[in-house]
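**Student:** In the order they appear, the protein sequences are chains A and B. So this note's numbering is basically just the index in the first sequence, starting at one, shifted up by 7. So this note's numbering is basically just the index in the second sequence, starting at one, shifted up by 1162.
In short, the hints are calculated from the structure, not lab data. Predicted model, so just to flag it, every value in this text is computed and none were measured. Every residue gets a Cβ at the ideal spot worked out from N, C-alpha and C, and that includes glycine. Honestly, I wouldn't trust all of these hints.
[Said to hold, decoys possible] Listed next, the in silico DSS-like pairs over lysine-lysine satisfying Cα-Cα at most 27 Å (straight line):
| id | chain 1 | residue 1 | chain 2 | residue 2 |
| --- | --- | --- | --- | --- |
| 1 | A | Lys146 | B | Lys1289 |
| 2 | B | Lys1289 | A | Lys76 |
| 3 | B | Lys1544 | A | Lys146 |
| 4 | B | Lys1285 | A | Lys136 |
| 5 | A | Lys210 | A | Lys197 |
| 6 | A | Lys105 | B | Lys1516 |
[As the list claims (entries may be wrong)] Partner residues aside, some chain B positions facing chain A, computed with beta carbon under 10 Å:
| id | residue |
| --- | --- |
| 7 | Tyr1198 |
| 8 | Val1206 |
| 9 | Gly1274 |
| 10 | Val1281 |
| 11 | Trp1384 |
| 12 | Glu1388 |
| 13 | Glu1429 |
| 14 | Gly1509 |
Chain residues, written in single-letter form:
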Amino acid sequence: MKQDTDMNRRRFLGQAAAAAGLAVAPGVMLYEVQARPAGEAATSKQRWGMLIDTTKCEVGCNDCVTACKTENGWGASETKSSTEQQAQWIRKVKLTDKQTGHVQSLPLMCQHCETPPCVDVCPTGASMKRADGIVLVDKHICIGCRYCMMACPYKARSFIHESLSGQKAHAPRGLGTVESCTLCVHRVDKDGTPACVESCNAKGHKAMYFGDLNDPNSEISKRLKEFGGQQIRADLGLNTGVRYQGL
Amino acid sequence: MKAIRYREIDGNSLGYFALVGILGLIVAAGGLAALYMEHNGHWVTGMTNQVVWGMPHVFAVFLIVAASGALNVASISSVFNKKAYKPLAPLSAILAVCLLLGGLTVLVLDLGQPDRLVVAMTKYNFKSIFAWNMILYNGFIAIVAVYIWLMMERKMNVYSKYAGFAAFFWRLILTTGTGSIFGFIVARQAYDAAIMAPMFVIMSFAYGLAVFMLVMMASYKWSGRELGEGTIQRMKSLLGVFIGAVLYFLLAYHLTNLYGTENHGVEAFLLVDGGIYTKLFWYGTILIGCLAPLFLIFCRFTKNSNTAIVIACILVILGGLSQMYVIIIGGQAYPMEMFPGKIVESGFFDGGVKSYTPTLAETLLGLGGFALALIMVSLAVKVLRCLPVSMADKDVDPHYKAEAK
Ligand code: SF4
Ligand code: SF4
């Protein structure tokens, strides 16, 4: 089944870990996994994900968004586009409960769905999911039809409405193509952490965790096991890689 | 029935050149608009990251849907073996291909990277309904082209029936595919409905026939050939039935949507307090696009007037464009419900209804596609032998008057 529930996935994770663990001890396995040499293809051994603790996420704080802008070079480059046309890889959302008035805050970006609607609908295959669960757009074959934007339930994708210059080498962007959060794939491939998570932690908020959902010993998996985690629009059964606590 | 004689229209009257000239100007304006959009990027349009499909899609989807419907006359003659429709089958097939090409041109020119069309043609993601549609569209053009050839080549006539069957089924799948582009979008409240696909099929019948009737009546009037009452009346009644069916489906669509609580919000938006979309739905789609033409078609004071029929057809087309606007733009303007029970605010326009104001460029691009389709038909009837010399009742259906009285 594709539409794994949390339960199913954990069970699957357990089995996978057990299978892998036959040969190697968990710690060794972890080491092996993380030391994937550059140039080697991503594998389904990992499923990269993120966990966001909304109770620690401050209303009004924009550190993760700023970090992403700096890291990936969006936010200031579009001068002609209207605000509605400018790209937004990650945004802060403020929620106020209609009944109780309780206020929450959370960052929202591509949820790196396991069964991503954006990948299903893309006519050319430009919108794609790597084996390790990171969802990306191949800018070379994106024709700019925007069907993926229609299909994404989280409004996570942006279309580039004007010519851009001065981009980062690791985050190519281009007129007439679609882009979204890459989970900082360039960092992840070098054992790094996404810029948003890094800055959230560096500033001491500690509201964001990044890690391998397939590894039961990763901090993110342990936390998910202990506290649970919700998906936004779980009803769609997309099994998102980004989970929220305290939603 | 006598053998039908086909002949190209002369196409050297002042009127003909004027028509082609005006259409040509609109096509040129659309082309310039496309260049302008491509040169600058989409920031010169009203389309945004919130409302990602705009006016070009309204026109493109309308044209594609109408294309499939324009084939009706041919299908009725080949598949359902109705002789009275047979003489006009070639025109019907030609119009279908032209409308489809017009719609696809708009769609392609609106792409962020139109020059990557080759990519779209060579790299297929077979899970994508969009990719399937590209195959369906190309196949449609190929099948209908063969069909037209079989109909026009006297020796091959006997086989045209089979091609007619193929074209009929192909176009049903094609419109289902077009409707499914929206039906498959689970993310958006307004679209996620299986009824979308059959609704598009029914709409295609009405829009396509309306366009066909206009083209037919214009061709005959302006080329000075005779078009019998019988043909017009017969098609007019058929159009009435199709409009009735569209009304029924719209009703069914909104009622089934109302049945699910999670859709109450979007339904209230489209039907009651959605501003422009509500107005377009009630005045544009229902009043102008359905009720007014039904009245013109069936009211006993107007039902025998050709002018009334022409107006009815134009209204059906306007109503169709309005309905496309409501579905395509209205469906996006309504906020996506990610957090039920919460007031949502963000720096990226979450929570609120999104605004969209089409610019001249994108509207011209859409109109240009429409004009492109019509100019191709105008040229086709001049170079191809596809229009019967006479559609007078005595030539195509001598029994008409006797039956009608
Ligand atoms: S959140 Fe949207 S863009 Fe990201 S994988 Fe899911 S559907 Fe695709
Ligand atoms: S805009 Fe690009 S990535 Fe998105 S569906 Fe179209 S081709 Fe695929």
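**Student:** A separate judgement is required for each hint: does it hold in the structure or not?
**Tutor:** Hints versus structure:
Simply put, Lys146(A) and Lys1289(B) have alpha-carbon atoms about 20 Å apart, close enough for the 27 Å limit, and the pair holds. About 33 Å separates the Cα atoms of Lys1289(B) and Lys76(A), which puts this hinted pair outside 27 Å; it is violated. For the given pair, Lys1544(B) sits about 45 Å from Lys146(A) by alpha-carbon distance, which is inconsistent with the 27 Å threshold. Of the supplied pair hints, the one linking Lys1285(B) and Lys136(A) holds, its CA atoms being roughly 16 Å apart against a limit of 27 Å.
For the given pair, Lys210(A) sits about 23 Å from Lys197(A) by alpha-carbon distance, which is consistent with the 27 Å threshold. Only pairs whose Cα atoms come within 27 Å are accepted, and Lys105(A) paired with Lys1516(B) is accepted, the gap being roughly 21 Å. Checking Tyr1198(B) against chain A by beta carbon gives a least distance of about 13 Å; that is not within 10 Å, so the hint is violated. The restraint placing Val1206(B) at the interface with chain A holds, with a minimum CB-CB distance near 8 Å, inside the 10 Å limit.
Because the smallest distance between the Cβ of Gly1274(B) and any Cβ of chain A comes to about 2 Å, under 10 Å, the interface hint for this residue holds. This hint holds: Val1281(B) has a C-beta 5 Å from the nearest C-beta of chain A, less than the 10 Å allowed. The interface hint given for Trp1384(B) is broken, as the beta carbon of that residue sits about 38 Å from the closest beta carbon of chain A, more than 10 Å. The beta carbon of Glu1388(B) comes no nearer than 46 Å to any beta carbon in chain A, farther than 10 Å, and the hint placing it at the interface is violated.
Using the Cβ-Cβ criterion of 10 Å, the hint placing Glu1429(B) at the interface with chain A is not satisfied: the shortest such distance is roughly 18 Å. Here the hint on Gly1509(B) is kept, as its CB sits about 5 Å from the closest CB of chain A, short of 10 Å.
In this structure, the hints that do not hold are numbers 2, 3, 7, 11, 12, 13, in rising order.
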